[in-house]
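Fit chain B to the given chain A structure using the hints.
Number of protein chains: 2
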Amino acid sequence: MQIRKSILVILDGAGDRANEKLAYKTPLEYASTPNLDSIAKKSMVGLMDPIAPGIRAGSDTSHLNILGYDPYEVYTGRGPFEAAGLDMDLKPGDIAFRCNFSTVDENLVVLDRRAGRIKEGTRELAEALNRMKIEDVEFFVKEGVEHRAALVMRGPGLSPFVSDVDPHEKGVKIHEAKPLKEVAQKTARLLNLFVKKSYEILKEHPVNKRREAEGKLPANILLPRGAGMAPHLENFQKKYGMKGACVVGTPLIRGICKMVGIEPIDFSGATGSYDTDMRGKFDHAVKALRSYDFVLVNIKAPDIAGHDMLPQKKVVVMEKIDDAVGHLLEIIPEDVVVIITADHSTPCTVGDHTGDPVPILIYAADTRREGEEFNEISCAKGSLRIRGKEVMRILLNITNRAEKFGA
Amino acid sequence: MQIRKSILVILDGAGDRANEKLAYKTPLEYASTPNLDSIAKKSMVGLMDPIAPGIRAGSDTSHLNILGYDPYEVYTGRGPFEAAGLDMDLKPGDIAFRCNFSTVDENLVVLDRRAGRIKEGTRELAEALNRMKIEDVEFFVKEGVEHRAALVMRGPGLSPFVSDVDPHEKGVKIHEAKPLKEVAQKTARLLNLFVKKSYEILKEHPVNKRREAEGKLPANILLPRGAGMAPHLENFQKKYGMKGACVVGTPLIRGICKMVGIEPIDFSGATGSYDTDMRGKFDHAVKALRSYDFVLVNIKAPDIAGHDMLPQKKVVVMEKIDDAVGHLLEIIPEDVVVIITADHSTPCTVGDHTGDPVPILIYAADTRREGEEFNEISCAKGSLRIRGKEVMRILLNITNRAEKFGA
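Same order as they appear, the protein sequences are chains A and B.
Going by our numbering, the first sequence opens with residue 1, and the numbers climb by one from there.
Going by our numbering, the second sequence opens with residue 1, and the numbers climb by one from there.
Chain A with its partners taken away, still in its complex shape (with noise of 0.2 Å):
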C-alpha cells in the first residue's frame, strides 16, 4: 500500500441556504465554479454535519471536531486558541481571554472599544502589563493586529467560567467579571484587579500621552473576553502519524492549529477577509507538502460575506476560490489526497453560522468516482452523510494510514 500525503482546504463558512436574490439557489450553487466541479466529478462526495445535525457550530469548535478533538470535552472558549494564535506560551489549566485595548473616561465608561482603531504602539503597552503578579497569579498580556490582544492567567485555583468584562457597546461602564459557578471566585476577583490596574498604568503610558496629543483616543484599559481554560490536546503527529502544517490567516484558527502541533506556514498574503492570496495560499500549501504529510488550508472570506450578508459578494468570493483551486489541482502532485469542506454554514439570509450540513469532496487518485457539481444540493446525492469528528479517519483510510482492526 503506498502511503499518501493530503491536503484538507476548509472553506469558512461557505455552506449557505436558498437565496431570493439567487433565484433561490445557494451562493455555491449559482457560482460558476468550473474547477471544483471538475475535481467534484472524480471524488466520492456528500454532506458533512460538522458537529451534529442541527448544531451551530463556531470556527473553532468545528476545527477542532474535524480536526478528531471533541470540542465537548476540550473548548471551554476561545481565549486560549487566540492567545495560541498570537504565539503566547499556553500550559493545560491557564485561563486565557480575548481582549481589546480600548478607551474609557475616568468613570470607566467606554468611549471607544477599539482605542480609534490603533494600529501602533500595542506592542509597548502590552509589554507595560506583561508578567503582572496579583497574588499567586501571573498575567501574561500579547498585543494582536489592531487594538486586539490576549491574556492568560497562570496560577493554582484558577476557572474559565467568568463573564466578561467587556460590556460590548460604547456608553456604558466596564463589566465587572462575575464568577458564573463557585470555583471561579478567585479567578473573577483577581481578573477585575488586573483590569483595573491596567487602566492606572496604561492611563500613563508615552504612547498614550503621545496619542493624546496628536487628538487620537488612548488605548487606556485592556478588556478581556472569551474565557477559556487551555486544554490538554494530543499532539496531531503522534495522534496521526502525519506531520501536520497549516496556511491560516485568521489568528484563532492558526492557534488551535498550534496548540495540537500543526505548524503555521506564515506568509504575508494571508489576510484572513476578502483580499487574501488564495493562489499564493495554495502554492505555499503545496511547497509544505514536500517536507509535511498532511496540509490544512483556511480560506475564511466565504465567512465574512455571509456574516455581511452578502449574496453576489459570496458568489464572487467563490468564483475567486474556484480559480484558486484551478491552479491548485495543476501545481500539487499526484496521488495526494485532496478533502475540500466548509467548517460550517454562515448563510447570507442569516448573517452567522448556522447548523445546515456543509458539502464535502474526498479525492484520490482511486476514489469512487460519484460527484457531480461541488455545491450542497448536488453532493447531497453522494454516498458521503458524516460529522465532522468523521473526516480524520476517513482521511486516514484514503491516505492508506489506517491501522486493519481483525484479519
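Incorrect hints may appear among the rest.
Identical copies carry no separate label here, and so any pair may be met within one copy or between two of them.
To be verified - Only pairs whose alpha carbons sit at most 25 Å apart, straight line, appear in this in silico SDA-like list of lysine to any residue:
{"hint": "1", "residue 1": "5", "residue 2": "25"}
{"hint": "2", "residue 1": "25", "residue 2": "42"}
{"hint": "3", "residue 1": "5", "residue 2": "401"}
{"hint": "4", "residue 1": "21", "residue 2": "41"}
{"hint": "5", "residue 1": "320", "residue 2": "310"}
{"hint": "6", "residue 1": "404", "residue 2": "75"}
{"hint": "7", "residue 1": "25", "residue 2": "373"}
{"hint": "8", "residue 1": "389", "residue 2": "68"}
{"hint": "9", "residue 1": "42", "residue 2": "352"}
{"hint": "10", "residue 1": "25", "residue 2": "1"}
{"hint": "11", "residue 1": "186", "residue 2": "163"}
{"hint": "12", "residue 1": "42", "residue 2": "309"}
{"hint": "13", "residue 1": "196", "residue 2": "163"}
{"hint": "14", "residue 1": "25", "residue 2": "39"}
{"hint": "15", "residue 1": "389", "residue 2": "242"}
{"hint": "16", "residue 1": "389", "residue 2": "405"}
{"hint": "17", "residue 1": "313", "residue 2": "268"}
{"hint": "18", "residue 1": "404", "residue 2": "308"}
{"hint": "19", "residue 1": "25", "residue 2": "367"}
{"hint": "20", "residue 1": "41", "residue 2": "349"}
{"hint": "21", "residue 1": "42", "residue 2": "380"}
{"hint": "22", "residue 1": "216", "residue 2": "106"}
{"hint": "23", "residue 1": "178", "residue 2": "405"}
{"hint": "24", "residue 1": "381", "residue 2": "367"}
{"hint": "25", "residue 1": "21", "residue 2": "335"}
{"hint": "26", "residue 1": "238", "residue 2": "53"}
{"hint": "27", "residue 1": "42", "residue 2": "350"}
If you are wondering where the hints come from, they were derived from the structure by calculation, not from laboratory data.
For chain B alone, kept in the frame of chain A given last:
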C-alpha cells in the same frame, strides 16, 4: 404479520474503488451483473460501513459486527475463531492461537514456515501434542488444512496479550513469545515451554522420520500466532429467536458462526477460493432454509482478487457470483428475505482491506423498490446509510420478527 425466513449473502471484500484499468469504475460497477441488478431494482439499497466510516475492518470483526456482536467488546485476536472453525471446543477465557506446522533446524531457525506444505500426517502430529499439561495449564492442538493448525491454552491466570512465536519469515530463529502486558507473563512463559516441547516431540515423531526418509521437510515444530481470548458470546438463536445455519468455506468465518451457535452446513464444493462452487453454496443454503430461519452465505473469491490486485479477475468473479445469484433467485422460496452485501472493501488498487463503505441490498416481496444497479455508486443513491451493527435489527424488522417498542 407473516414471519419470514432470511438469507444473508456476504460477498467477502467485494467493495472496491475506481480503477484506472476499468475506465475508473469499480469492478462491481464494471462487471455485467444482470441478476444482482434485477434484485436491486426490487430492493432497498444503500451503503454500509461494516464498522464505522473509515475503519478498516477484518473479515472477522466485520462478520461479528454484522451479526450483532460488538467486536470492540468481544475481539482480542483471531485465534479463538480459527480454533472454533476447526471444531475445537472453547470455553470463555481460553487463549487460542493460529499455528503452522513448520520446519526448523537444530538452532530453531525456520527453514520452511509451511513444512513443505505438508498434506498428510498432521492429524497424528497434532495428536502427539494434544492435551499436554504444563504446570496448571492444558494445551489442546488440532490440525487444519495442509500445514495449518490451532492451539488452545486452558487454565487459570491466562491472557491473550502475548506476541507471536511465528517470526513470519524463514531464515531467522523462532521468536520468544513476549508478554505485551504485565498480566501475560505466565502465558508467554508457558507458551514458550510448549513450543520447545513441540520441537522435542515432533522431531522424533514417526510421521517426520518417514518424511525425512522420503526427502521431505519434517513438520518438526508448531509455531503459534494471533493470540486471542475466547469471549462469551450470547447464543444467536437466544438473541434473535432464529435458528441459524451458514454455508462458508473459510475456517475463520466458520469459527465465528460456530462460536455464536450458527450451524455450519459443510459441503465439499465450498473451498474458500476462486474455484468455489457458488451455485452449490446457494443450493445448500436454500435446502437449509427448510429447517433453519436464517442462513449466512459467505463467498470469499472477491476478497482474494482484491488482495491479488487483479481488477479484471475481480470483474470475472463478480460475474460468476451474478450467475449464481440468478440461480438463487430461481430456487429460493417466495417470501424469503434476501440481503446481499460485503464485509469490507478490498480494492484492487490497494491489495488489502480498506475502510470504504460497501453496497447493500435488502429484498423482500414488499420492500420499497428503490435500487437500480448493485454497485458502490448506484447503491449510494438509495435510502440505506447504515453501519454493520444495524443489519440484524433491520433484518428482524423486514422478517416481521421485531418487537414493537411502545403502543
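Within, between, both or neither: residue 25, residue 367 at alpha-carbon 25 Å
Between copies, since 10 Å is at most 25 Å while 28 Å is not.
Given identical chains, is residue 21 near residue 335, meaning Cα to Cα at most 25 Å, within a copy, between copies, both, or neither?
between (40 Å within a copy, 16 Å between copies)
Intra/inter-copy verdict for residue 320 and residue 310 if alpha-carbon distance must be at most 25 Å
within (15 Å within a copy, 42 Å between copies)
With identical chains, the pair residue 42 and residue 380 could be close in the same copy or across copies; at 25 Å between alpha carbons, which is it: within, between, both, or neither?
Result: close both inside a copy and across copies, 16 Å intra and 15 Å inter.
Since the copies are identical, ignore which copy is meant and state whether residue 381 and residue 367 lie within 25 Å (CA to CA) inside a copy, between copies, both or neither.
both (16 Å within a copy, 17 Å between copies)
Checking an output row: residue 5 and residue 401, CA cutoff 25 Å. Within, between, both or neither?
The answer is within: 10 Å in one copy meets 25 Å, while 41 Å across copies does not.
At 25 Å max between alpha carbons, let me know whether residue 178 reaches residue 405 within a copy, between copies, both or neither.
For residue 178 and residue 405, only the inter-copy Cα distance (21 Å) is at most 25 Å; the intra-copy one is 49 Å.
If the cut is 25 Å between Cα atoms, do residue 238 and residue 53 qualify within a copy, between copies, both or neither?
Intra 30 Å, inter 21 Å, cutoff 25 Å: inter-copy only.
Given a CA cutoff of 25 Å, do residue 25 and residue 39 count as a within-copy pair, a between-copy pair, both, or neither?
both (21 Å within a copy, 16 Å between copies)
Taking 25 Å as the upper bound on the Cα-Cα distance, should residue 404 and residue 308 be classified as within, between, both, or neither?
between (46 Å within a copy, 18 Å between copies)
Homomeric proximity label, residue 25 with residue 373: Cα distance no greater than 25 Å
both (13 Å within a copy, 19 Å between copies)
For the identical chains here, do residue 42 and residue 350 meet the 25 Å Cα criterion within one copy, between copies, both, or neither?
between (33 Å within a copy, 18 Å between copies)
Against the hints set out earlier in the document, no violation occurs for any number.
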